[in-house]
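Chemist: As a plain string of letters, each chain reads:
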Amino acid sequence: MFERILIANRGEIALRILRACRQMGISAVVAYSEADRDSRAVQLADEAICIGPAEAKRSYLSAPAILSAAIVSGCDAVHPGYGFLSEDDTFAEMTRAHGLTFIGPPPEVLERFASKAGTRTLLAAHGLPTIPGSEGMLRDDEHALAEAERIGYPVLVKPSAGGGGRGMRLVRSPRELEQALPICRSEALTAFGDDSLYLERWLEENRHVEVQVVVDRYGNGVHVGERDCSVQRRHQKIVEEAPTPALSAEARTRLCEAALEAVVAAGYENLGTLEFLVDREGDFYFIEINCRIQVEHPITEALSGLDLVREQIRLAAGEPLGYTQADVELRGHAIEFRINAEDVARDFQPQAGTVERYLAPGGPGVRMDSHLFAGYEVPPYYDSLLGKLVIWGPDRATAVERARVALDELVIDGLITNVEFHRTLLTNEVFLDGAFTTQLLDRIGSAAFVAVAAR
Amino acid sequence: MQDEALQPESVAEPGAAATAAAAEPGAAAAAAAAEPDVAADAVRLGRLASEELPALIARFEQSGLGELEIHHQDWRIRLRRSSAQAPAAVERPARRGRGQAPKEQPPSQPAGGPVSRDPAAPGSAAALIDGAHPGVLAVGPGRGAESGGSGRRRLATSPAVGYFSPLDALTSGHQVRSGDLLGHVDVLGVRQEVVAPMDGIVVRVLAEPGQAVEYGEELVRVDAMRQSSDAAAGSASGESASGAPTPGANASGASASVAPTSGANASGASASGGID
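Protein chains in written order, with this note's numbering: chain E, 1 to 455; chain A, 1 to 276.
Keep in mind the hints are simulated off the structure, nothing from the lab.
Keep in mind that a hint or two might mislead.
What the hints assert, rightly or not - Selected chain E positions facing chain A (Cβ under 10 Å, derived; list incomplete): (1) SER68; (2) ALA69; (3) GLU319; (4) PRO320; (5) LEU321; (6) ALA352; (7) ARG402.
Predicted model only: the values in this text are computed from it and were never measured.
Just so you know, even glycine gets a beta-carbon here, dropped at the ideal spot from N, CA and C.
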């Protein structure tokens with residue numbers, strides 16, 4: 001088992017990884033940028049090393065800075081968290097080349113699953129229904145138009161190198177596609193340093209359902225159920241829950257088993273999440289795989305009792321899985337609310353500022369994963385995620401009720417957040433029915449949400 | 001669509017009041033050196049400080065911005081709004097990569113020093129104060145250091161995390177010119193330069209050869225050279241630096257630092273980490 005892990009990330013996930021290390025008796029070193037000098041993870045770390053200025057490019061995205069920090073502090077492994085370099089196969093390879101273990105899939109597995117289009121082809125070959133999409137990257141506008149014709153509108157233009165919903169545009173006609181391509185390229189270049197794009201068929205009235213898998217390096221794998229992430233705004237997740245209200249128990253099992261089988265056959269290792277679109281008929285189509293821990297992993301932990309970060313670490317250290325699918329029990333219902341520093345009234349504009357007061361809710365089934373504390377100055381250089389409120393209940397109705405109570409208790413003063421938005425969501429009939437699709441927020445509109453909130 | 005990619009220019013009001021700070025000309029001592037470009041620099045800097053900077057600070061204050069960086073000719077100016085409240089409950093992490101005892105960060109502002117009166121403000125990464133020596137300001141890292149201190153004493157800091165190796169010639173009393181190589185920090189076998197932040201004399205080398213250092217760590221302390229001909233100019237700038245706002249500077253502005261860019265990387269918009 002590792003003696004000392006370098007946490008190459010920030011915010012709430014750095015704290016999450018640190019907690020897992022602590023519980024396993026592993027020494028935790030936190031690498032931080034100047035902007036995160038006073039962050040919670042740095043405060044709690046066994047050691048903390050400043051690796052660069054606030055700019056992510058020179059700190060959290062700098063492989064030399066991170067690896068140098070790991071070496072000088074005597075670490076034997078690096079946990080990349082999510083985002084940043086977590087799915088960068090070059091970084092994983094460099095980590096290994098310097099005698100350190102990358103906590104996640106090994107470099108060759110990351111490389112195999114690096115291309116979005118390539119992965120669709122790979123998993124389709126292993127029996128997974130996949131969403132129609134472009135073959136490989138779009139060479140030029142002509143190629144894009146031809147592929148869109150073949151796939152059928154509406155199509156989603158997506159950046160090959162990134163995730164998180166950025167650089168994506170939904171287009172419904174050739175003209176819209178032509179207009180969107182240069183915009184998407186430039187957004188992708190800015191966000192991910194790579195402007196390659198591909199296309200994917202967009203299903204109207206779809207739900208976004210993803211499957212969590214855990215696979216050791218000996219070919220043993222289990223799924224830990226699915227998560228429904230349909231409540232999105234501009235393709236960015238805001239609320240997630242498990243199990244998905246969209247599918248019957250039997251359909252859920254079919255989905256999860258299909259996902260696991262395909263991904264194990266394709267040689268996957270460590271933790272991963274396979275994302276699907278589910279249409280009105282309940283048919284699912286694979287879109288992409290995330291080869292890292294995900295933001296919404298706590299809802300799976302709530303249902304299963306597993307510590308997913310701990311599993312990542314264990315498996316990266318070469319331990320066998322140690323349990324079978326029959327041992328995985330999923331109980332109850334969990335919902336996660338992403339608490340962001342954003343101004344819902346002003347089109348969710350990201351906010352910076354200082355947290356004047358912070359009080360986390362508690363009670364049965366209430367978990368708050370956050371790096372906030374009173375006095376913390378939220379840096380403007382990174383994403384706006386302040387924390388995740390994760391609620392568990394024996395059934396969905398109880399989870400919703402507990403969520404209402406918890407959101408009422410939660411206090412974050414000093415900056416504008418989306419807490420009110422979440423409170424409003426819990427009064428929305430479509431959400432409460434569980435029959436919502438990814439169109440939920442667009443259909444209702446942010447304005448309507450805000451208007452209700454202002455009541 | 002881009003609501004997760006935050007650019008400094010588009011950040012909304014942080015909400016906290018700016019603390020009082022004075023702009024600092026700083027380089028008057030350097031002006032006394034024989035180099036004509038250094039003297040011209042000082043003249044420009046003086047004008048900048050007394051005319052342009054106060055106006056800029058006033059404008060910045062009225063805006064909702066939290067931080068603003070301007071590149072103008074050779075100069076880089078960064079204005080940053082710092083938190084009015086020192087968070088007493090925040091523990092100073094002050095940890096270093098080798099598990100050594102934390103370096104002291106003083107909880108209270110020393111009498112000297114023209115920068116933000118709130119050194120404990122989280123994220124005030126622009127300057128570190130050595131409490132034992134009022135008026136000492138960390139600059140750097142490495143090259144193209146930000147000035148803003150008394151001009152009397154500066155620190156060369158590490159440009160990266162790695163192993164420090166000072167030049168053999170680097171000893172106390174050694175004279176250096178601004179930009180002179182003082183040593184290297186080895187990052188995975190690639191050597192990054194540590195350079196002198198100003199003309200002066202090496203007072204102390206703060207890290208051992210082979211020592212693991214982090215980004216921004218203080219490596220070498222350099223004192224300004226005091227020559228008889230410029231003693232008056234030097235001490236004048238020194239005095240004006242020790243706490244009183246310089247004439248013309250806006251008393252209730254944000255902390256300001258001004259630096260010649262001299263080829264240092266401009267910090268541009270940063271890519272934020274993408275998440276699910």
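Chemist: All hints, please: hold or fail.
Modeler: Evaluated hints:
1. SER68: holds (5 Å)
2. ALA69: This hint holds: E:ALA69 lies near chain A, its Cβ roughly 5 Å from the closest one there, short of 10 Å.
3. GLU319: violated (26 Å)
4. PRO320: violated (28 Å)
5. LEU321: Violated - the Cβ of E:LEU321 stays beyond 10 Å from chain A, reaching only about 24 Å at its closest.
6. ALA352: Check passed: Cβ of E:ALA352 comes within 5 Å of chain A, closer than 10 Å.
7. ARG402: Hint on E:ARG402: violated, closest Cβ of chain A at ~24 Å, above 10 Å.
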